[in-house]
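K.L.:
Chain by chain, the residues run as shown.
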Amino acid sequence: MGDVKLALIVQKPQYKGETSRLGITHAISYQTVEILLADGDTVTPKLCFTGEGVLGIQKGQNAMDLYGITSTETHVKNSLLVDLDVLVCKEDLAKYGIPEDAMPDAEDMGADKKIQVVPFSEIQKAIDEAKHVLFF
Amino acid sequence: MKLGVFVSDFKLTADTLDRLKADKLGIILVQNGVYHATTKENGKASSLLDKTSNLYALSEDIQIRGMKDSDVDKRVKVVNYGDVVDLIFNEFDKVAWL
Amino acid sequence: MGNLTIGCFPGLVGSMTYDFALKLAEAAANKGHKVNLWFSGNASGSVKAKQKHLKDYSTGEKYLKALIEKGVEVCACEACSNARGVDKTNAIEGVQWNAMHWYLAKIHSSDRVLHIGGE
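Residue numbers (this note's numbering), protein chains in the order written: chain A, 1 to 136; chain B, 1001 to 1098; chain C, 2001 to 2119.
In isolation and in its complexed conformation, chain A is listed as follows (with noise of 0.2 Å):
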């Protein structure tokens, strides 16, 4: 069956609800489904940040301190090390006042990807790409 393409949209806004995290983690776990597929299948997923999606992955934040559990950016962070495509919708940082410097990378981490701005056209190509659209 070779690749399959998902599109995994997070539109949902962080901590309040569990879906938004949970898109970020069943996004991760590609990297080993693998050992649950034949030879040669795979999953790619995309992991897109939408609406109030794009709300709570700015750099900064202090989960673990104050509340014991895993940031929403130490998540995004992992995503980029796991070489996922990560997409950020350009126009819902500007409607909500969130400059593009806020986005986490994961340079400290030693990844080679970085979050990608895009217009909405980018997500909503990644959606018509995808085999399977999943919205968080």
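No lab work stands behind these hints, which were simulated from the structure alone.
Estimated spans, in silico, between C-beta atoms of each pair:
1) A/Gly-110 / B/Asp-1050: 46 to 52 Å
2) A/Val-82 / B/Arg-1075: 44 to 50 Å
3) C/Met-2001 / B/Ser-1053: 27 to 33 Å
Derived lysine-lysine pairs resembling DSS-like cross-links, with alpha carbons at most 25 Å apart:
4) B/Lys-1068 / C/Lys-2023
5) C/Lys-2034 / A/Lys-131
6) A/Lys-131 / B/Lys-1002
7) B/Lys-1002 / C/Lys-2031
Which residues of chain C face chain A? A few of them, derived with a C-beta cut under 7 Å, are:
8) Phe-2009
9) His-2108
10) His-2115
As the structure is a computational prediction, the values presented were derived from the model and not from experiment.
Cβ atoms here follow ideal geometry from the backbone N, Cα and C, with glycine treated the same way.
Using the hints provided, position chains B and C relative to the given structure of chain A.
P.N.:
Same frame as chain A, now just chains B and C:
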């Protein structure tokens, strides 16, 4: 892309739905989403119903709320769970729950 | 016949979205489709056995057992369940346990996926 979108809330998902583009868009109203098909806010039907001609509402979720299938806007086809399964497999190539 | 995977994240009690997921799974299985059901987030707590059916609350146990009997594969996110105090020793028999990659693997072989995110 033929995209079937499940709308389960009355107000919360219009923003996302406004942005999605599909060659064929279907909207399947379930849970509180059925109010889009039955309720006229200030006398006006939901603008969601103008987005496509492929509109469906789940009969069970209409009836549980004390409404009748006859209360549904004429543009919306009333379906049951079995029909929803057929829509998923036969009418769309992707489905999304907003 | 097709292959449908449903990802269900909302909890058993509180929104009736869970009820929707189970009814849809049943309808698809009744039509002869292969159905996989993945529980994560609050839905993972729904696999705990010995649920008491009070009429003000939805119940999942009886329904889940019937779905498993019909051949629906039901799997709970083990980490999500353990975080809620549910594990193999107190869970409904026949439920599978795995990590999130189970969901992606089932998606890989599915014709359609309905992902119902949490509230």
